[in-house]
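Engineer: The residues making up each chain are set out below.
Protein chains: 2
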Amino acid sequence: MRGAVIHAPGDVRFETVDDAKILKPTDAIIRTAVTCVCGSDLWPYRGAEPTEHPHPMGHEYVGFVEAAGAEVTAVEPGQFVVGSFATSDNTCANCRNGFQSSCLNREFMSTCQAEYVRIPNAQGTLVAIDEVPGEEYWPGLLAVSDVMGTGWWAADAAEVRPGSTAVVVGDGAVGLCAVIAAKEMGAERIIAMSRHEPRQRLAREFGATDIVTERGEEGAARIKELTNGIGADSVLECVGTAQAMRQALHSARPGGNVGFVGVPHEVAVDGQELFFSHVGLRGGPAPVRRYLPDLIERVLTGRIDPGKVFDLTLPLEQVAEGYRAMDERRAIKTLLKP
Amino acid sequence: MRGAVIHAPGDVRFETVDDAKILKPTDAIIRTAVTCVCGSDLWPYRGAEPTEHPHPMGHEYVGFVEAAGAEVTAVEPGQFVVGSFATSDNTCANCRNGFQSSCLNREFMSTCQAEYVRIPNAQGTLVAIDEVPGEEYWPGLLAVSDVMGTGWWAADAAEVRPGSTAVVVGDGAVGLCAVIAAKEMGAERIIAMSRHEPRQRLAREFGATDIVTERGEEGAARIKELTNGIGADSVLECVGTAQAMRQALHSARPGGNVGFVGVPHEVAVDGQELFFSHVGLRGGPAPVRRYLPDLIERVLTGRIDPGKVFDLTLPLEQVAEGYRAMDERRAIKTLLKP
Numbered sequence: 001m002r003g004a005v006i007h008a009p010g011d012v013r014f015e016t017v018d019d020a021k022i023l024k025p026t027d028a029i030i031r032t033a034v035t036c037v038c039g040s041d042l043w044p045y046r047g048a049e050p051t052e053h054p055h056p057m058g059h060e061y062v063g064f065v066e067a068a069g070a071e072v073t074a075v076e077p078g079q080f081v082v083g084s085f086a087t088s089d090n091t092c093a094n095c096r097n098g099f100q101s102s103c104l105n106r107e108f109m110s111t112c113q114a115e116y117v118r119i120p121n122a123q124g125t126l127v128a129i130d131e132v133p134g135e136e137y138w139p140g141l142l143a144v145s146d147v148m149g150t151g152w153w154a155a156d157a158a159e160v161r162p163g164s165t166a167v168v169v170g171d172g173a174v175g176l177c178a179v180i181a182a183k184e185m186g187a188e189r190i191i192a193m194s195r196h197e198p199r200q201r202l203a204r205e206f207g208a209t210d211i212v213t214e215r216g217e218e219g220a221a222r223i224k225e226l227t228n229g230i231g232a233d234s235v236l237e238c239v240g241t242a243q244a245m246r247q248a249l250h251s252a253r254p255g256g257n258v259g260f261v262g263v264p265h266e267v268a269v270d271g272q273e274l275f276f277s278h279v280g281l282r283g284g285p286a287p288v289r290r291y292l293p294d295l296i297e298r299v300l301t302g303r304i305d306p307g308k309v310f311d312l313t314l315p316l317e318q319v320a321e322g323y324r325a326m327d328e329r330r331a332i333k334t335l336l337k338p
Numbered sequence: 001m002r003g004a005v006i007h008a009p010g011d012v013r014f015e016t017v018d019d020a021k022i023l024k025p026t027d028a029i030i031r032t033a034v035t036c037v038c039g040s041d042l043w044p045y046r047g048a049e050p051t052e053h054p055h056p057m058g059h060e061y062v063g064f065v066e067a068a069g070a071e072v073t074a075v076e077p078g079q080f081v082v083g084s085f086a087t088s089d090n091t092c093a094n095c096r097n098g099f100q101s102s103c104l105n106r107e108f109m110s111t112c113q114a115e116y117v118r119i120p121n122a123q124g125t126l127v128a129i130d131e132v133p134g135e136e137y138w139p140g141l142l143a144v145s146d147v148m149g150t151g152w153w154a155a156d157a158a159e160v161r162p163g164s165t166a167v168v169v170g171d172g173a174v175g176l177c178a179v180i181a182a183k184e185m186g187a188e189r190i191i192a193m194s195r196h197e198p199r200q201r202l203a204r205e206f207g208a209t210d211i212v213t214e215r216g217e218e219g220a221a222r223i224k225e226l227t228n229g230i231g232a233d234s235v236l237e238c239v240g241t242a243q244a245m246r247q248a249l250h251s252a253r254p255g256g257n258v259g260f261v262g263v264p265h266e267v268a269v270d271g272q273e274l275f276f277s278h279v280g281l282r283g284g285p286a287p288v289r290r291y292l293p294d295l296i297e298r299v300l301t302g303r304i305d306p307g308k309v310f311d312l313t314l315p316l317e318q319v320a321e322g323y324r325a326m327d328e329r330r331a332i333k334t335l336l337k338p
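Protein chains in written order, with our numbering: chain A, 1 to 338; chain B, 1 to 338.
Because the hints were derived from the structure by calculation, they are not lab data.
These numbers come from a predicted model, not from an experiment.
One or more hints might be untrue.
Stated by the list, open to error - In silico SDA-like cross-links for lysine to any residue, where the CA-CA straight-line distance does not exceed 25 Å: (1) A:K337 - A:P133; (2) B:K21 - B:R96; (3) A:K24 - A:T91; (4) A:K224 - B:R96; (5) A:K224 - B:L104; (6) B:K224 - A:A33.
Based on the provided sequences and hints, a complete structural model is requested.
Structural biologist: If you want it as structure tokens, here you go:
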């Protein structure tokens with residue numbers, strides 16, 4: 001079979017790779033319906049994370065069950081399934097606590113930009129949809145498997161409540177999905193921080209009521225201005241840089257919350273500053289599995305359409321161009337069709 | 001009048017100071033009923049915070065209203081009052097959000113180890129008790145003004161819930177009060193981390209079900225052992241050192257919470273580590289004012305007795321000995337009587 005392999009920063013190739021096969025009785029194999037490139041894939045692509053040897057890429061997927069291991073009874077061949085980028089048995093203590101992305105048997109997906117994909121922990125990870133959904137729903141369901149689930153987690157971790165004010169730091173696909181989540185959770189005011197016109201437009205379409213173009217301390221000062229000098233109830237940090245985290249912490253009101261969902265790169269939080277800010281802080285890899293049934297339903301009923309974050313669709317074999325377009329900010333997010 | 005003045009590390013004197021008087025129409029003056037020495041007073045006493053010039057000390061108080069400024073209508077001379085170490089107008093946006101210790105007009109108390117004390121923002125800060133309570137309640141009410149309120153906040157910030165497991169890091173007066181708070185909030189299992197026998201005893205009396213004597217990584221490993229390898233639902237960090245914060249973060253389960261209430265000294269939290277831990281973190285100066293009516297009632301009805309943290313009582317004029325006893329860990333907390 002064929003799939004994407006990164007060889008070095010800027011060098012992603014579509015080539016022949018080992019066939020996906022069942023290695024454990026808890027695995028399943030899916031035939032990829034659609035997959036995509038994630039903002040976090042750009043860390044190694046840009047050399048911000050090392051690539052010590054060539055390896056497959058991709059952690060987002062929806063597809064058709066091709067085969068299921070002996071212990072996998074929840075799904076069967078032919079079914080259309082959605083899963084999370086973090087696999088989980090959905091039975092351990094952490095899973096039962098709703099933190100499936102800290103499952104004791106967690107394996108992160110990493111080979112999804114390919115024609116077929118092995119899914120570990122398939123029983124706990126995959127959610128089957130009764131009837132195969134129309135292709136128009138595939139992008140939304142694919143978004144649910146990662147960026148929409150992560151945006152939802154940002155809003156959940158930041159404790160967005162009905163009538164509250166939410167700020168979204170980051171206008172990538174996760175940030176845009178975080179706007180959807182804040183809206184669905186009832187935020188009255190949603191301030192998107194973005195200086196890119198097409199992303200601003202999508203943020204507004206998703207429910208943003210205000211756009212702030214300033215960044216860093218200026219951005220935080222602008223948020224204070226817009227919130228009677230106090231700061232926002234909830235800040236959804238969807239980037240992962242030190243600047244974004246500072247901006248988020250300085251934008252929240254005392255007693256407010258920052259949910260941070262971008263994997264932090266060289267971020268340190270000063271204890272005394274956090275203390276006197278009175279801001280609550282929670283982040284981590286999104287427990288997408290917890291949200292899947294609910295989010296799938298919201299997509300299939302047309303209540304939300306996170307698939308709109310895909311503004312470029314390419315054949316899977318053009319995956320390299322998909323990376324380039326996102327790296328150069330020509331695309332928010334690239335959908336790949338095998 | 002006379003009061004405590006710190007001149008240098010280890011050098012606290014009881015001497016003549018300026019009389020407390022009304023400076024603003026929002027002030028009140030109280031005659032001190034009892035006051036005390038706080039664990040945080042030991043930071044400058046031990047030289048961990050600089051003392052650049054001699055200044056008064058103390059931020060805990062209960063007393064009798066002696067005089068009230070023109071704008072203070074909520075209390076009147078002769079009444080017995082309890083307040084917080086952080087004064088607040090109780091009307092600003094942060095106060096209305098329940099974070100009175102981030103009041104826009106906040107002034108921290110700092111002159112309370114004295115015969116009389118000026119209370120800024122008296123209207124919003126002081127809670128009067130209808131009848132003067134018996135002297136046996138004064139220590140408990142004094143504890144409520146700071147250490148008990150702070151322990152309560154630790155449990156609140158760490159989201160202690162009925163049936164949960166709570167760990168308390170720190171066996172000072174705040175940590176011991178945090179045990180009371182965890183118990184009152186319904187924690188089923190309360191693990192106190194302490195290696196001092198008299199403090200262990202008091203922790204058990206207050207509701208601790210387990211004692212862990214190990215510290216640092218060993219301590220965190222022991223907590224994991226006691227919690228099926230997962231970690232605790234809530235960890236109450238009542239120290240403020242880098243070691244205590246690490247121990248706390250490593251003791252919480254994924255999805256659990258750390259409430260940190262000791263003023264952090266040289267504490268930095270690694271963003272990526274916090275991310276992958278899935279632990280929520282919230283701290284700050286306790287919003288004691290929010291809890292005062294409830295905690296006063298719990299003390300006056302005998303439901304809790306945080307006054308037991310005072311294991312040394314001295315005349316106010318012996319305040320220097322009160323510091324020494326705490327510095328040398330001969331006393332958990334020193335009560336001072338004018």
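Engineer: Out of the numbered hints, which ones does the structure contradict?
Structural biologist: Of the numbered hints, 2 and 6 do not hold.
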